[in-house]
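**Q** Now for the letters of each chain:
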Amino acid sequence: GAVVSQHPSWVICKSGTSVKIECRSLDFQATTMFWYRQFPKQSLMLMATSNEGSKATYEQGVEKDKFLINHASLTLSTLTVTSAHPEDSSFYICSALGQTTEAFFGQGTRLTVV
Amino acid sequence: QKEVEQNSGPLSVPEGAIASLNCTYSDRGSQSFFWYRQYSGKSPELIMFIYSNGDKEDGRFTAQLNKASQYVSLLIRDSQPSDSATYLCAVTPGGSYIPTFGRGTSLIVHP
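Protein chains in written order, with the working numbering: chain A, 1 to 114; chain B, 1001 to 1111.
Note that these hints are calculated values from the structure, not bench results. Just so you know, these numbers come straight off a predicted model, no measurement behind them. Be aware that one or more of the hints could be misleading.
Claimed, not checked - Straight-line distance between alpha carbons at most 25 Å, and here's what the computed SDA-like set of lysine to any residue pairs gives:
1) Lys41/A / Ser1008/B
2) Lys1042/B / Cys13/A
3) Lys66/A / Thr101/A
4) Lys20/A / Ser1008/B
5) Lys66/A / Thr1100/B
Stated by the list, open to error - Under 7 Å between C-beta atoms, here's a sample of chain B residues computed to sit facing chain A:
6) Leu1046
7) Ser1096
8) Ile1098
9) Pro1099
Where is the CB? At the ideal position from N, CA and C, for every residue including glycine.
From just these sequences and the hints, can you work out the full model?
**A** Quick look at the structure:
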């Protein structure tokens, strides 16, 4: 399958700081990328959908000013968690969609805000 | 509301047995169907996809799709302890490219 690389795999940050997570498609062009959040033993929650060169579409209840998404190229999307708080601690996962219908996931980023 | 339903489990099967995982969906116009495996603490990994009615086999895995009854299933033959994971069903509704995920079924294969 296609390779999607997500970085960093884990990060610890202080409350009030911002954290940037990168998601790269390594061997295909990702026209669409999805960002998910997953709390322990919970299901995947779609946060937003981003298309290259366009503004991201956020799901209801997700603060677009807090979770900044940039999809400037066909191989890179970034999620920035701004002014992070302990309740933002979670497992953040990106997935990428190319010309086919199968979406491939990055390795995920475990964010801990202290 | 387009929904994808899975029994959360856990489904417990002995090693060597067939594990059967089921998923139903509400949007009759759905076109694409996927099974992902997610180990604890890891991200989901695509293991099967199916578009047409019938069976699709890949190694020990068989995906079965029945659009008339709106269900898709995953069979794992000769189950191994390493198959123990949560299996997520995903469906792309008609007219959309955004997959809708079920909550996942936890599978435990015991020696």
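**Q** Against each hint, give a clear statement of whether it holds in the structure.
**A** Now the hints, each set against the structure:
1. Distance restraint check for Lys41/A and Ser1008/B: the Cα-Cα separation of roughly 11 Å lies within the 25 Å cut-off, and the hinted pair is therefore satisfied.
2. Proposed proximity of Lys1042/B and Cys13/A is supported: the alpha carbons are some 21 Å apart, at most 25 Å.
3. For the hint linking Lys66/A to Thr101/A, the alpha-carbon distance of about 29 Å lies beyond 25 Å, and the restraint is violated.
4. Between the alpha carbons of Lys20/A and Ser1008/B the distance comes to roughly 33 Å, so the proposed pair goes past 25 Å and is violated.
5. The suggested pairing of Lys66/A with Thr1100/B holds, with an alpha-carbon distance near 24 Å, which does not exceed 25 Å.
6. Taking 7 Å as the C-beta contact cut-off toward chain A, the hint placing Leu1046/B at the interface holds, the least distance being around 6 Å.
7. A distance limit of 7 Å between C-beta atoms decides the matter here; for Ser1096/B the minimum to chain A is near 10 Å, and the interface restraint is violated.
8. For Ile1098/B, the interface hint holds, since its Cβ comes within 7 Å of a Cβ in chain A; the closest pair sits about 6 Å apart.
9. For the restraint placing Pro1099/B at the interface with chain A, the shortest Cβ-Cβ distance is roughly 6 Å, inside the 7 Å limit, so the hint holds.
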